[in-house]
Amino acid sequence: MSDLDPRPSVIATRLSKIKRIIAVTGWKGGIGKSVTASALALLLAKKGLKTGLLDLDLAGASAHVVLGVKGLFPKEEMGLEPPLVAGVKFMSVSFFSDDKAVPLRGANVSDAIIEMMAITRWGELDLLIMDMPPGINDAALDVIRLLPRTEVLAVTTPSVIAHSVLERSLELYRNLKVPVLGVIANMERSGSGALKTAAGRIRYDADLEKALGDPAKLLRTNFAKDLAKIAAALF
Amino acid sequence: MHEWALAESVIKTAQEHAARAKLRPVSEVAVLLGELQSIDKEIFSFALAELVKSSFKSMSGCRFRLLAQPASFKCKACSKEFTLKALKKTEAEAENIHFIPEMAHAFLKCPKCKSPDFDITAGRGVSIKHIKGAADE
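Chains as they are written, first to last, in the working numbering: chain B, 1 to 235; chain Y, 1 to 137.
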């Protein structure tokens, strides 16, 4: 027999006490996926839901920047237990990369994701939010393959480019029978081409940048207020 | 110790493979421990024994052979082949690679051209070499 990879066998066990898994995507770079995923996790935790956040953007990990994570590391306990950040159980490759760039080819991305999923002990969660990298590549395909009950929450911006990528990707996901919770229209301004099918809108917030790195400040932004309305309708 | 999580995956995979291949009971599982991840053999062996006792009783009687697998690399930029001994890393970097072996690409470079774009051709982490058992007639 050829060598067997043992790790996928425990992924379902590791996630067995998680009620819902939500992948925040949009398939395009620079549309606010990481801020949306991080703020959504903070909002859900504030509502009293047991919430986890997993940053799957290995090449461009940024949820730790949004949350201002410093000096924390997962606890070694029959695996790795994610540390709590503002009430959210948080796991990211940033814990292991010492703030260095992580240059990975596709197969390596897949291996790193499988390793993280096999060794992370989330325990009981109401929701696990995943911050996805742009594109339909290894991370997206591994999530579809290994976590078939994942629901997608897509983000887009008022741009024909973002809308075009969104529509193509949504069509593929529908064909693959991946449930799509809805599309969040981010960075909306008055007069910007509204997306008719959006589940909710987040107005462009010029003050958002100043709140990054501070969960309490982030939750006080207009961005978070708009996102809270969408979250209340969806969860 | 995060070795336990990987030990559990080995037992579970062996159990599932045995069920599919109708091997009953499983007599031997050979596990390759890749040099790059530097899994502690004693902890891994202890974790396997304890997990079988507590949660995988159908695997009691199975012998787990833990085999060290040397790591080797090939640079994609200049084709240089090299081993782990040729690479320098700090204790903290080794610890991060221990958790996620792909972090090697963040910390290690080809000794010839300094590129981080190399293949780990062998000895990455934990894998199963073979599973033996009597076939269930």
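Treat the hints loosely; a few may be bogus.
Claimed, not checked - What follows is a set of in silico ranges between Cβ atoms, one per label pair, in the way DEER data are often shown:
#1 Y:PHE56 x B:PRO103: 51 to 57 Å
#2 Y:PHE56 x B:ARG149: 24 to 30 Å
#3 Y:SER79 x B:LYS196: 29 to 35 Å
#4 B:GLY213 x Y:LYS53: 25 to 31 Å
#5 Y:ASP119 x B:ASP98: 20 to 26 Å
#6 Y:ASP119 x B:GLY60: 50 to 56 Å
#7 B:ARG203 x Y:ALA86: 23 to 29 Å
No lab work stands behind these hints: they were computed from the structure. Predicted model, so just to flag it, every value in this text is computed and none were measured. Quick reminder that beta carbons are idealized off the backbone N, C-alpha and C, glycines included.
Hint-by-hint comparison with the structure:
1. Y:PHE56 x B:PRO103: 51 to 57 Å: violated (38 Å)
2. Y:PHE56 x B:ARG149: 24 to 30 Å: holds (25 Å)
3. Y:SER79 x B:LYS196: 29 to 35 Å: violated (53 Å)
4. B:GLY213 x Y:LYS53: 25 to 31 Å: violated (47 Å)
5. Y:ASP119 x B:ASP98: 20 to 26 Å: holds (23 Å)
6. Y:ASP119 x B:GLY60: 50 to 56 Å: violated (22 Å)
7. B:ARG203 x Y:ALA86: 23 to 29 Å: violated (55 Å)
The structure fails hints 1, 3, 4, 6, 7 (numbered hints given earlier, in ascending order).
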